[in-house]
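Undergrad: For reference, the chains in residue letters:
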Amino acid sequence: MSAKKLHIRNGRLVDPAHGLDRIADLFIADRRIVGVGQAPADYSADQSIDAAGLVVCPGLVDLSARLGGIEPELAAAVAGGVTSLACPPDTKPPLDEPGLVERLVRRSETHALARVFPVGALTQELAGQKLAEMHGLSNAGCIAFSQARRPIVNTMLLLRAMQYAATFGYAVRLRPQDDFLAGEGVAHDGEVASRLGLTGIPVCAETVAVGTALELAAQTGVRLHLSRLSSAAGMALVRQARDNGMSVTCDVSAHHLHLSEADIGYFDTNARLDPPLRSLTDRQALRAAAQEGLAVVCSDHTPIDADGKQLPFAEALPGVTALELLLPLTLLWAAQDELPLTLALARVTCDPASILGIDAGALRVGSRADVCLFDPAERWQVTAASLRSQGKNTPFLGREVQGRVRMTLVDGRVVFTA
Amino acid sequence: MHNPQLNANGELTHLLSIEGLPREVIVHILDTASSFLKVSAREVKKVPLLRGKSVFNLFFENSTRTRTTFEIAAKRLSADVINLDVTRSSTAKGETLLDTVDNLVAMHADMFVVRHAASGAPHLIADHLRRLQRSDVHVVNAGDGRHAHPTQGLLDMYTIRHYKRDFSQLVVAIVGDILHSRVARSDIHALTTLGVAEVRAVGPQTLLPACVESMGVRVFNDLRLGLRDCDVVIMLRLQNERMSGTLLPSAREYFRCYGLTPAMLELAKPEAIVMHPGPMNRGVEIDSDVADGPQAVILPQVTYGIAVRMAVMSIIAGN
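Those protein sequences? They're chains P and W, same order as listed.
For what it's worth, my numbering labels the leading residue of the first sequence as 78, then goes sequentially.
For what it's worth, my numbering labels the leading residue of the second sequence as 783, then goes sequentially.
Misleading hints may appear alongside valid ones.
Heads up, incomplete: computed chain W residues facing chain P, CB under 10 Å, no partners named [what the hints assert, rightly or not]:
1) E801
2) H910
3) A1045
Since the hints were made in silico from the structure, they are not lab data.
No residue lacks a Cβ here, since even glycine has one placed at the ideal position from N, Cα and C.
Please construct the entire structure, taking both the sequences and the accompanying hints into account.
TA: Below is the structure:
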């Protein structure tokens, strides 16, 4: 597993950061990309990899993946072509102490698989009461601060948290959902929830929180990223803010690009997501936002064991396993909406990398050699056995998807082959 | 999508919800109930259809009345009935719902009658039995959360059919807390499947679910308008904890706006019947003069309920 000189031949190089999509060779040495299309002088490869028929793209960058038992999830990440991922702070215990962050970074580094970028807790214990030590957490490796799914009910504290983060130039991520309006809700407050007798989460739970977050971000000048938008109306507010010159960014989960409230069917707990799957109109708006570049796409990977899902719908834990589905679901979206591969892959490579502010997501000479090689035509069935993640929780279980990762490189080292 | 309550031959194997039940299945249950009604009126109130079968009443939520009617129905079919008060036993010790079910299946249960506070709990059990390939074990939903109370829906249909014969010309008003009511949902599905002329959902906006029109009802916020020219009025129970606070200011104001008084009832057709799933809150959703009046069919509902539950259990066990 030493840093070899790798020559990746005949692949279809897709680098969204540079609008590149052509058959070309890639040359890697000293953990970096040293040549695109053309070998540098005096280059002799230790290993040559034939990538004919494969797409060679930057390793995927995932804005949100929960790691549970760390090793299997990092193995799932690289099996899904994900080479960099941000981990939200709602670990047990939450990432509100520098020591915990350092330990997470150390533990993930020992596996030398995907690179892990912790997101620190905005408030102590994520309780929304007292600010966390953001400066210390940043020094320990946190690249942004968030509350994960926990609210800050007190808007004064939210204002203070943004002011404090802005003091040091830290990015703040908020999952916009008003705690009172969401209440005990477990599904979109629409036809399906009403029919099944599930408590609904109205769209205004999102729009009210987006409005508050945007207003306070404008006041404080903090770098704001809104996580997991779920509704057309919420997305419209973000678009409006951007049109008014705000630099706010946002993301949607890959599952939300494909599913709607109808996928709950007869209480399928695998379709219990947070935020909830909403209407088909909402889903279309999320797709449109991702297409125009307003939103990036993340996995929102949340592995949950059977015990957490084999419960009545409202009692089941929310979330999906998605690290290994991020690429196929992005490709499926691209195919269905007839989008160029460079555009679709930008939403899971260079765009999230720029939001995280990390050196990743591009295939330029000099950049880190985090690379994903996948067969865009290979079809495979999503089964409990085909997923490396400990979580098998996805409505796509049993379905066939297209696009299979063949090889993943992190820092110029082959960390996954299939 | 695969209908979880029908087997491969399209026969009823569980009763989980009225939604998705073909019209013929509903009519078959009502016809079967009609024959059982005579059994209950006999000197010897038993038929041997479920002899040797074990019916487990699995009530995760207290309801002495519903449990009793299921118990009577099963006993009149000659089944052995085991009542489990699960609220006080296994779950209190941390056992999951499906662990409880597995244990009872190991005791050779043939049928579960399930009441649970969470919507979808009976579906979860039925799905679990399907994965275990135990098509010989049946589930009857006796009320799950706000989702469904199919036997109540069926006994309501039996009552309406008894008094009105033909469904096609009927205007039915369902009045009150529709948001939290599994009875309302089951009645709406049954009425629309049986093809009534109009189903009305009557209540304040705080007690109506989102997009309720998508279930095929006409919404009325004003009780007077909602009752006009109705053939059937179904009053819903208002739970004590919802009477004052965030959804309604007070029981008194609720009665003033939505209580069924003799004067209000005059807006409906003269021969209109008044139903209530019980237990009633007299003076909150219904005036005693109406509840005890000539148009009320609330006690016949209870009688028919036993025949309908016998019909459901015998049909399911036969499939």
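Undergrad: Next, verify each hint and record whether it holds.
TA: How the hints compare with the structure:
| no. | hint | result |
| --- | --- | --- |
| 1 | E801 | 7 Å, holds |
| 2 | H910 | 7 Å, holds |
| 3 | A1045 | 32 Å, violated |
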